[in-house]
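Chain A is already provided as a structure; the job is to place chain B on it using the hints.
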Amino acid sequence: MKKTTFTQRTIIALVLALALVIFPFIVSSPVTRNLMILIFLYAGLAQAWNIVGGFAGQVSLGNAIFFAAGGYTSTVLLQHATVSPWLGAIAGALLAMILALIVGWPVFRLGGHYFAIATIAIGEIALALMANWEAVGGARGLTIPFVRDGSGRPGDTWFWFQFNQNKLPYYFIALALMIILAGLTAWLDRNKPGFYFRAIKNDQDAARSLGVNVLRYKLLAFVLSAAFTALLGTFYAQYLLFIDPESMLALRLSILIALIAILGGVGTVWGPILGSFVLIPVGELSRAHLGGSGRAVDLIIYGALIVLISVFQPAGLMGLGRRLRGR
Amino acid sequence: MALLEIQGLTKTFGGLTAIDDLSFRVEEGEILGLIGPNGAGKTTVFNCVSGFYEPTRGRLHFAGHDITGWAPHRICRLDMARTFQIVRTFSDLSVLENVMVGAFSRTGNRAQAERAARHVLGLTGLAAKAGVRGGSLTIADKKRLEMARALATKPRLLMLDEVMAGLNPTERQAAVELVRQVRAEGITILMVEHVMEVIMPISDRIVVLNYGRKIAEGRPETIARDDQVIAAYLGKKYRSRR
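Protein sequence lines correspond, in order, to chains A and B. Each residue of the first sequence is one higher than the one before, counting from 1 in my numbering. Each residue of the second sequence is one higher than the one before, counting from 1001 in my numbering.
With the rest of the complex left out, here is chain A:
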């Protein structure tokens, strides 16, 4: 029985993926396109978070540091060493993985709550550090100059990862990243690492007694999460062509990433995607309609959502769907 459902789910996934691929050709408004790109980006960030936070149950509230590691590494390498952002992305991911190991090694030995607090602390330290590090832009941030074509206009270049005339490639790259992460999550869900992550989340000591090297697998989850978050950081840098500590390292970003996954349903494959499709439009709408006070209001909404989810529906939207279907 379960096999049929798995095939059914894969087919649904492929159909939806196809729909998303066709979408930009049907709806070509730049505003919508931008919204979709943001949805894909945050879905990706939430999926990456889900590996360590949802599956392994280690709540990280500092994933923004990996986002920044990716964005800053590729940008700095681009500006100072004229390295293509694609290579910069890999360098960023490697840096993020090392950071994850350095942070995780001591902190994972502490209980889950301490891990969350430690990640908040590290995030705040990173923010303060980057805001004062003038060599990499400090609080003013870094701007990536346009790559100009023959006539001097900002052009489209795959090598330098910039698409200024036709922004469509950004859409497809973001979509591809989201789909890759969904595929990875689905693979984890069905195979040994995912089983071990979930065992650790449910009962660490029982997992140990069954031969699970708990520290090693927590680190694995964290490293995977960090690497993909960093890749998305490079994407973000090349999409906006501007990065600064506030946009990449703020605590609210780390919280938002976690919230999207939690809203959608932790530890599920679809949850983070669902969460992003719901939360990001809400965030953008509130920002647009409430003008300058938009930023504070979306924080209030996030807070309220955290409370509501925790109290009424800890399993998130995915859990709600299951309940409605009467399972």
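If you're looking for bench data, these hints aren't it; they were derived computationally from the structure. Predicted model only: the values in this text are computed from it and were never measured. Watch out, some of these pointers could steer you wrong.
[To be verified] Covered stretches of chain A (in silico footprint by chain B; criterion: 3 or more residues with CB under 8 Å from a CB of chain B, positions within the stretch not fixed):
#, segment
1, 181 to 195
2, 208 to 215
[As the list claims (entries may be wrong)] Derived Cβ-Cβ restraints for the label pairs, each shown as a range:
#, chain 1, residue 1, chain 2, residue 2, range
3, A, G111, B, S1091, 17 to 27 Å
4, B, S1091, A, S29, 39 to 49 Å
5, A, T7, B, G1008, 53 to 63 Å
6, A, R190, B, S1091, 11 to 21 Å
7, A, I12, B, T1107, 28 to 38 Å
8, A, R323, B, G1014, 18 to 28 Å
[Said to hold, decoys possible] A partial selection of chain B residues facing chain A, derived with a Cβ cut-off under 8 Å:
#, residue
9, W1070
10, C1076
11, F1090
12, S1091
13, L1093
14, V1101
15, R1149
Glycine is no exception: its CB is placed at the ideal position from the N, C-alpha and C atoms.
Relative to the frame of chain A, chain B by itself:
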């Protein structure tokens, strides 16, 4: 050579001595029962042997290795498995998935792990409940699941911590039957138990603990008549009743 050898094990927690200079062996293929009044230190012995506590003094040898101070997951890799006194089911995982976690200690392949898990589910009578969420099982089934999960790691030594507690007589019968089946598969069993009617008939040998010390060791019939054992359980007053 004995499969498990405990030499001079001592475990203190601050000022409290939970285990005091305990030594005994478990021979391959036998069922050894570990009994004693509440607080005698039985579960502490398990925790020391399985790597959850670090012994204060003494040495532990298993399958020819000195495992003193080893981490639990490493000991499991050496073919020792245990259950917990208060069941630790993976609540969010299904019965099958619970057992698969155990099976994955032997293989990285999902299909193989699933096959091995289903085999164990069949042996332990849980096949019908394979898809049920671990958290919603009855206590008897949770205990059964815990055994199945431990068995999936293909241990040479299985340590059972009060598997009979909380079971009604019918459930107990089934559990005893299961323990016998496990031994028939060639697995050595070290079991802690309170329920005398169960552990006496099933064990080849018994070790009795009181206040962290071994007060008797031998065949069940001998133990049942031992003065010190009777005194430990029933009080000195009953010692002279025979």
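Tested hints:
| no. | hint | result |
| --- | --- | --- |
| 1 | 181 to 195 | holds (count 4) |
| 2 | 208 to 215 | holds (count 7) |
| 3 | A:G111 / B:S1091: 17 to 27 Å | holds (19 Å) |
| 4 | B:S1091 / A:S29: 39 to 49 Å | holds (47 Å) |
| 5 | A:T7 / B:G1008: 53 to 63 Å | holds (59 Å) |
| 6 | A:R190 / B:S1091: 11 to 21 Å | holds (20 Å) |
| 7 | A:I12 / B:T1107: 28 to 38 Å | holds (30 Å) |
| 8 | A:R323 / B:G1014: 18 to 28 Å | violated (48 Å) |
| 9 | W1070 | violated (11 Å) |
| 10 | C1076 | holds (4 Å) |
| 11 | F1090 | holds (4 Å) |
| 12 | S1091 | holds (6 Å) |
| 13 | L1093 | holds (6 Å) |
| 14 | V1101 | holds (5 Å) |
| 15 | R1149 | holds (6 Å) |
Hint compliance for this structure: hints 8, 9 are not met, and every other hint is.
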